[in-house]
Amino acid sequence: MNTLALLNVFLFAVLVATALAITRIRALYAAAMLASLFSLVLASLFVMLDAVDVAFTEAAVGAGVSTVLFLSVLALTRSREAVTPRRKRWPAGLVVLLTGGTLLFASQDLPPFGAPDTPVQQHPVTDVYLVDSTEQIGIPNTVTAVLASYRGYDTLGELVVIFTAGVAVLLLLTRLPHPQDPAGAPESAAPARYPDRASVVLADYRVLRVVSKLLMPFILLFACYVLFHGEYGPGGGFQAGMILAAGVILFGLVFGLDVARRVLPRPVLLVLIAAGVLLYAGVGVADLLLGGAFLDYDVLRPGSPQAGQQLGILLVETGVGITVAAVMTAVFFSFAGRGVSR
Amino acid sequence: MIETHYPYWLVFVLMMIGLYTVISHGNLVKKLIGLSLFQAAVFILYISLGKVIGGTAPVLEEGVDSYSHPLPHVLILTAIVVGVATTALGLALAVRIFDAYGTLEEDQMLVRAGDGDDGPEDPAGPDRGPDGDGEPGVAP
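These protein sequences, in sequence, are chains A and B.
-5 is the number of the first residue of the first sequence in my numbering; add one for each residue after it.
33 is the number of the first residue of the second sequence in my numbering; add one for each residue after it.
All the given hints hold, so there is nothing to weed out.
DMTMM-like, lysine to aspartate or glutamate: derived pairs with alpha carbons at most 25 Å apart:
(1) B:Lys63 <-> B:Glu138
(2) A:Lys82 <-> B:Asp139
(3) A:Lys207 <-> A:Asp252
(4) A:Lys82 <-> B:Glu138
(5) B:Lys63 <-> B:Asp139
(6) A:Lys82 <-> B:Asp147
Because the hints were derived from the structure by calculation, they are not lab data.
Looking at chain A on its own, in the form it has when it is part of the complex:
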């Protein structure tokens, strides 16, 4: 076995152990932290498998934002799970064994791992992405080229899914003023369950305050770098949006939700959520008006298709970044805001 295989097996072993621990542990806070660890190791595995862009995203999402979401939900609900009764374990185990056995049997038909002559690598589209893209688009990072240009429709669809999920979360968690409430201010009317707790802000700890203040500009700058450098190295709109949101969430966690909301008020967030999708689709419409096909960036710069492609990719990635960052921030605000108003 070579070094790659050894490293892969080692990382897989850590992942399996973490997953088993997540299944067994009944303290859900610990399970959420283990899931965060799982994501971090998973990101390392993605680097081993040459998927640097994916690793980047997984590290930002799994180890950062989704952990905060899980923890803030646990703060709103119960943090201990009931014992799983034995009568539920056996059928589940049986189903899992059967499914796993079937998958194992079917895996014989999968091509050998890492071989250069698999159907994936032999498909004609591979050469388009890895060879022709130099001439058609002219940016080194083929992942960005495929994401924003060759498969631009697909990415627009994904962005709309994120948009829809964000809107749905906001609808589910926002408390509308109840008609029976006299002043229409339910948040302040509700009796504070933990009066002393609400006033404790992490910013009272000097180390946290100073360190997070120092880190904030660098996090935001790094997000911009990731966004605008996505054509040349790993990065792009999705990663930049997640990093931006992580920066705002850090700010909100340390300085309190009210301060963070003053920086990014709800109406602004709502506008930004829609603005990103509109920018993406707007680029497509502009292409149509200029005489090209929807999301065909060649026509953006008449006479120079390459420059047009690069401009289009940059605009589209910016749109993705705006919507992703705004959705994640708004989702965090709604989960955390529910905790405050309780």
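Starting from the known structure of chain A, arrange chain B on it as the hints suggest.
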């Protein structure tokens, strides 16, 4: 066989752990964590199909002629972000369910939905311990 297929088998192990968590556990948050484990396993399967041994990350560079396939990376990159957005939706539903039934356990939920004449709005609010970490909610 082992040398050429071990990543797939390990992926299946992870996938089955996730599936087991989703099926057997009654706690909604645990189910969502299990679902994201399953999801992660699918991600690894896709990425490992695009890997070329001896290749490098698909960022074009002079003097390199073997790259892993960029398409699985694109699909999974977007899927990760979509995954966290949909997980957030699931968590929001879990919060609303907790508000209505005062529990995240399926069994207790079914019992309380069965009594259901006092409606979902429990006047005492969701019963939880003093620090949100109350008694280990044991099924009745």
